[in-house]
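Asker: Assemble the complex: chain A is given as a structure, and chains B, C and D must be docked to it using the hints.
The chain contents come next:
4 protein chains.
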Amino acid sequence: MTSQTARRLTGVVPPVCTPLTAEGDVDVSSLERLVDFLLDGGVDGLFTLGSTSEVAFLTDRQRAVAVETVVTRVAGRVPVLAGVIDMTTPRVVEHAVEAVKLGCDGVVVTAPFYTRTHPVEIERHFRVTAERVGSAIYAYDLPVSVHNKLNGGMLLDLAAEGMLAGLKDSSGDDGGLRRLILAREERGSEVDDFSILTGAELTVDLALSMGADGVVPGLGNVDPVGYATLYRLCREENWAAARTEQARLVRLMGIVDVAPEDRMGRGSSALGAFKAALHLRGVIECARTAEPQIPLNDTEIDAVRQHLDTAGLL
Amino acid sequence: MTSQTARRLTGVVPPVCTPLTAEGDVDVSSLERLVDFLLDGGVDGLFTLGSTSEVAFLTDRQRAVAVETVVTRVAGRVPVLAGVIDMTTPRVVEHAVEAVKLGCDGVVVTAPFYTRTHPVEIERHFRVTAERVGSAIYAYDLPVSVHNKLNGGMLLDLAAEGMLAGLKDSSGDDGGLRRLILAREERGSEVDDFSILTGAELTVDLALSMGADGVVPGLGNVDPVGYATLYRLCREENWAAARTEQARLVRLMGIVDVAPEDRMGRGSSALGAFKAALHLRGVIECARTAEPQIPLNDTEIDAVRQHLDTAGLL
Amino acid sequence: MTSQTARRLTGVVPPVCTPLTAEGDVDVSSLERLVDFLLDGGVDGLFTLGSTSEVAFLTDRQRAVAVETVVTRVAGRVPVLAGVIDMTTPRVVEHAVEAVKLGCDGVVVTAPFYTRTHPVEIERHFRVTAERVGSAIYAYDLPVSVHNKLNGGMLLDLAAEGMLAGLKDSSGDDGGLRRLILAREERGSEVDDFSILTGAELTVDLALSMGADGVVPGLGNVDPVGYATLYRLCREENWAAARTEQARLVRLMGIVDVAPEDRMGRGSSALGAFKAALHLRGVIECARTAEPQIPLNDTEIDAVRQHLDTAGLL
Amino acid sequence: MTSQTARRLTGVVPPVCTPLTAEGDVDVSSLERLVDFLLDGGVDGLFTLGSTSEVAFLTDRQRAVAVETVVTRVAGRVPVLAGVIDMTTPRVVEHAVEAVKLGCDGVVVTAPFYTRTHPVEIERHFRVTAERVGSAIYAYDLPVSVHNKLNGGMLLDLAAEGMLAGLKDSSGDDGGLRRLILAREERGSEVDDFSILTGAELTVDLALSMGADGVVPGLGNVDPVGYATLYRLCREENWAAARTEQARLVRLMGIVDVAPEDRMGRGSSALGAFKAALHLRGVIECARTAEPQIPLNDTEIDAVRQHLDTAGLL
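Protein chains in written order, with our numbering: chain A, 9 to 322; chain B, 9 to 322; chain C, 9 to 322; chain D, 9 to 322.
So here's chain A without its partners, still in its complex pose (with noise of 0.2 Å):
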């Protein structure tokens, strides 16, 4: 590792579920709980308000309560990310303002949505975000929810500028993935702080071979020390322990679908059975998901139980 590369985010970074109570409200102790989990886990960061935080249902008070309660449990142990998930450049700062005051080291930003963007906008969104917020600025790329791919080329010349610390890659597109690593190699110095973490939780031990940083695992909630042995295992370039850990992981992922897609869609039957899952495991005090998601059932919630039993995890 040179010493430019030193300054990079690398790791395990799992997106916090957000411990609801059951009338709806953030559930501090069961989140500083889940903090302990994680850290305890072996975890290298926390991103607070992902996708996976239900950061799309919480409203703005329970967004800072979260991060707050995220930030003082950790004090600096690890960094904390915190998504800025909203529609456009004007709210998107009005979070990252909040969130970095609340102690934040970075800010995760989408692309706009719910709008019509073109690339130019897409750039300029950006751009007017990191002069406005002046901290660590990590572009998310999220297609699914999101309905735009980010261009490379884009965010290498925007942390080349300084305007970018990383990339949160949730787009699947691993061959894109590997052209991005390999142009950050070729663009060399000015870039080479630039961070790449993948979303891909079914595939860490390729984006690691590949060159990315680190990894940003929902599932990491529910299992963070196998994340933290796989990731430590393609570190030590163990393919083979690595490969079979991953197939672990993979095999576990099962609990997303325990739900029937005809009774529920597939973010409620993941953000579902995440819950239930660390639960189960005695690290949150309720299952609850926001609405309008529906909640798992009991047959579902005894395939989850079973998931964690074939996975080691009771």
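Because the hints were derived from the structure by calculation, they are not lab data.
Please note that the accuracy of each hint is not assured.
One copy or two, it doesn't matter: identical chains are merged, so the pair holds either way.
[Unchecked claim] Restricting the straight-line Cα-Cα distance to at most 20 Å, the calculated cross-link-like pairs of lysine to any residue (SDA-like) are:
1. Lys157 / Asp52
2. Lys157 / Val264
3. Lys157 / Pro268
4. Lys109 / Arg69
5. Lys157 / Glu245
6. Lys157 / Arg69
7. Lys157 / Gly142
8. Lys157 / Gly262
9. Lys157 / Met171
10. Lys157 / Ile189
11. Lys109 / Val79
12. Lys109 / Gly19
13. Lys157 / Glu269
14. Lys157 / Asp270
15. Lys157 / Asp201
16. Lys109 / Arg195
Here the structure is a predicted model, which is why all the values come from computation and not from measurement.
Answerer: Only chains B, C and D this time, still in chain A's reference frame:
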């Protein structure tokens, strides 16, 4: 008109532009002048915080200023609706409660977006929102932004339960709109006060001839008299004259394409043109749009001027 | 009607279903009966090998049999168009040359599909096809199948160069259709014989009131008299009676939804219903659709029968 | 390798470009030279009539010439697959029967396209095709063209029934690919001869490390030795060297973007670049692509030359 239909919202209900100062704040006095301009033009209601109001770009504080300004200036002369546009139920409910507190007569709600949402979750979203808000809820069908088409049967079911007061249909699916209007007729009194408004400003005569109750035309900001005239002609079943007036408005709508597609998105182009036209007509002080939209340049503003001239609006 | 518009294709031009035998061959005598049924019903032209003809499912030999049967049976009484639906220019040209050889009066051509196609390539596709075929070419705008929307300006440019005889618009974008019709009017004589037909069978009165020249209604197979009546009423500007007839046809269109969405695609359901209706009305011998479409079951066929009964067609 | 897996198709199986003469006919002697070039380069099989072969642009006669030329020239030295790309079952079956008659070892079949197709219809499509063709069928997952993603569970079910010999996965969904590979392993002997090939030419090392059996790289036309080397290095689990070779090929892949996006589609650009490279390397006589693709200009061809030079291929 039967006694039941008397309770429907009808007529021309423009989505009110939100004038901004050069610094990007809501320009209250320009907004007051715009309200006067629209009411003087003969419109039947106002829809603040719609897409044309740049709702996606306004901060919560700016949204509140816009609603308060419009409600106060209208002072009960016509109904005022407010868009409560956000990603999911808890955030939408919060906006809606605020809008009702500020005096709106109804709120306009899309399906969830950014999240991956199942039809049963969309229904639940409207149901929970209606229960918590306790005011007239209008569903907003806008697939270009929300990436989902609302199901007509679901809308009528919710209407029959008293959960929905109406629909703003910006789906562009006129066949579907006709099916919905005929289905409303067939279901009779239980849904008879469900108001159906079209957002399709180029085919107002068609929607009204099918039985729609009104129109929410973005272009109505620029030419409220034109839309009020068009509405009256349709109600008089003077279809030939309506067609001629509608054709004039279609040509005026050419202002949304004065900027080339490789320079900016169609949103920037349309909102920039509406505001440039309002500025050229002396209604608002500054044509600025919110970030990250690209502003029109002088050539493009000249093209807007020429359109206004041709349409007899200068 | 001016002398120029006299050259336009106008009126009701149904896309003729292709009856199949139980073994899946083209049922020539049923197809002949269907041609007679449609001409007796008062239609103004026939469109063979459209989507409703299951063109995507027919082999080249079956396509030739269908064209030949229709052309021969019509014997010049009305114009016959043929769809020449395939992925790209060389394949489309081959189909088109064959269709012209078999006696069609024009061919109907979509943009390329399956390939990723740029707007300049779409224009080149129509241009090369027109040059090689040397017969009347109608552009077919069908985004639901082709995943591209044809540009109105490009269509009129090609029309002005004599490359296109008309458009079948199944885009469902009535605002765009109106813009095209007004643009045709503005460009005057150079495009005055460019015929604009709508495929939107639920809004025929609207399209005709805007200035469309005719309609290509799949449902016209089932009720040609209905569509001929509707067309006549519109031409007489008897809009109230037209609206009533159109509403009856919208209700009849309910047959396309007799099968539930979890049992088959909307294509299977619609084509199965059209053929079941033609069988129930005694026009064709067998209601079979081509593979891999799912056949309607007895309950669903009963529902079709009930719709026909309600519409006065049994 | 167990005895069962010995029956899987493995290795590098490039989709063979189809050289054309200046007049647009299949250039048989160039195609023969290309076959020799690929076999000399060390590939393990050939896939004729894939997307890279411009299958969507070739007439049926041209398709037959291409298959016959490849099969004859290969003369049994490696397996030859043929794409049988068309809209629906009857048309696909016809192509497949022809390809088998011409001596192919297997045919490659997408889900239906152009039509709106339900999952149960997709399964029926593969089932009926397999029953009628009676030869090895490979499913082709290509959402960018077909606008549908194949379901992994369905593929394995069909494999267990002997209906499918394998999959060419060009979906770009590496997480899904990994799930499929693990599911194949779990289902054991009943699906053990089901071959899984990736079309993702930028991440071959990753796919092979996950357990894929081979790769179908379009870029393999230009550098078969590179892909054969990469495959060998992966099989030897020499991941570091594999990564370096893959990185070289990723850089070479830059040829597909030598033409700007406002001048042509990405298909024209990629196929034009592959053919230009083959021409520059002296393998084929003419770099022409089929209509309506835009040809590369001299500047763009120079850029291809430079890429080849950098990659050590001139």
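Asker: Next, verify each hint and record whether it holds.
Answerer: The hints, checked one at a time:
no.	hint	in the structure
1	Lys157 / Asp52	neither (27 Å within a copy, 35 Å between copies)
2	Lys157 / Val264	between (24 Å within a copy, 19 Å between copies)
3	Lys157 / Pro268	between (29 Å within a copy, 18 Å between copies)
4	Lys109 / Arg69	both (14 Å within a copy, 19 Å between copies)
5	Lys157 / Glu245	neither (31 Å within a copy, 33 Å between copies)
6	Lys157 / Arg69	neither (30 Å within a copy, 31 Å between copies)
7	Lys157 / Gly142	neither (25 Å within a copy, 39 Å between copies)
8	Lys157 / Gly262	between (27 Å within a copy, 19 Å between copies)
9	Lys157 / Met171	within (19 Å within a copy, 37 Å between copies)
10	Lys157 / Ile189	within (16 Å within a copy, 27 Å between copies)
11	Lys109 / Val79	within (11 Å within a copy, 34 Å between copies)
12	Lys109 / Gly19	neither (25 Å within a copy, 47 Å between copies)
13	Lys157 / Glu269	between (26 Å within a copy, 15 Å between copies)
14	Lys157 / Asp270	between (28 Å within a copy, 17 Å between copies)
15	Lys157 / Asp201	neither (22 Å within a copy, 37 Å between copies)
16	Lys109 / Arg195	neither (33 Å within a copy, 53 Å between copies)
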